[in-house]
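Please arrange chain R on chain W, whose structure you already have, making use of the hints.
Note that the protein sequences, when read in sequence, are chains W and R. In terms of this note's numbering, the first sequence opens at residue -11 and continues consecutively. In terms of this note's numbering, the second sequence opens at residue 3 and continues consecutively.
The set of hints was computed from the structure by calculation and includes no laboratory data. Be careful, since some hints might not be right.
[What the hints assert, rightly or not] The list that follows gives simulated cross-link-like pairs (lysine to any residue, SDA-like), each with its CA atoms no further than 25 Å apart:
hint, chain 1, residue 1, chain 2, residue 2
1, W, K25, W, E12
2, W, K25, W, N(-9)
3, W, K25, R, I129
4, W, K25, R, T88
5, W, K25, R, G125
None of these values were measured; they are calculated from a predicted model.
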Amino acid sequence: MNNCLRILRAERGWSQQDLAERLEVSRQSVNAIETGKYDPSLPLAFRIADLFAQPIEAIFLRD
Amino acid sequence: MAQPHSPAIRRYTRRLTAFMAAYVALILAMGWLFRHAPPPAPWNAALAILPALPILGVIWTVMRLLVEETDEFWRMLFIRQTLIATGFCLTVMTIWEFLQNYDVVPQGQHGFGTAFFWFMGLGLGAIWNGIDLRRQRSEP
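So that you can see chain W by itself, here it is in the shape it has in the complex (with noise of 0.2 Å):
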C-alpha cells in the first residue's frame, strides 16, 4: 500500500523519529510504514490520520 507519511512529516519539519514519538511506536515502525515495507493496523492508520487531521483514504493510497 503506498502512503505520502513522508510528505506529511516533512510538511511539518519533522524527524522520524518526532513522528515515532508523536505516534508512540518506534522509529523503525515509521520507517518501515514511509517506505511502504509495513502496512500499520487499522488502529495505527487512524492514529495517524487524527494525528495529520486527513481521512485515511488521503494518506494512505491504493497500489
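The following block gives chain R in isolation, referenced to the frame of chain W:
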C-alpha cells in the same frame, strides 16, 4: 530478538537471563548427580526432567514477548523470527528422523535436541530481520 529499550524487551532479557542461568546450573548439577550417584526410579525421571524446565521457561519467555510487545512493527518482526525458528527446527528434525529411519545416521540426538535447533532458528530469524532492517535503512 533485539528491539532496544522497549519495556517488553527488558522483561524478555531479565527472564531469559534467569532461565538460562537456571538451565546451566541444573544441567551441571544433574550431569554430576547421574554420573556419581545415579538416583533410583522414580526419582531419576523427575530429576532428569529438571533441566528441561528452564528450556520450557525460555519458550514461555519468547511467547510472552510476542504478547507484551506493544510496537506492532517489532511484534511482526518477532513473530516472523519465531516462525523462521519453527520452520527451521521442523525441517532439520524431519530430515534427521528420516536419515535415522533408514540407518543413514546413528540413532540418538547426541545432545542436539529439538530446542537446540529452535534456538538456532531464532538466531537465523534475528539475522534475517537484521538484514531486512538494514535494507530499509539504505532505501531513500
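task = Would you check the hint for K25 of chain W and I129 of chain R, treating anything up to 25 Å between C-alpha atoms as holding?
result = holds (18 Å)
request  = Decide if the proposed pair is consistent with the structure: K25 of chain W and T88 of chain R, CA atoms, cutoff 25 Å inclusive.
outcome  = holds (23 Å)
request  = Assess, step by step, whether the Cα of K25 of chain W is no farther than 25 Å from the Cα of G125 of chain R, and give holds or violated.
outcome  = holds (22 Å)
Pair hint outcome, K25 of chain W versus N(-9) of chain W [Cα-Cα no greater than 25 Å] = Satisfied, since the Cα-Cα distance of roughly 11 Å is no more than 25 Å.
request  = Below or equal to 25 Å on CA atoms is what counts here, so check K25 of chain W against E12 of chain W.
outcome  = The hint holds at about 19 Å.
Checked against the numbered hints above, the structure violates none of them.
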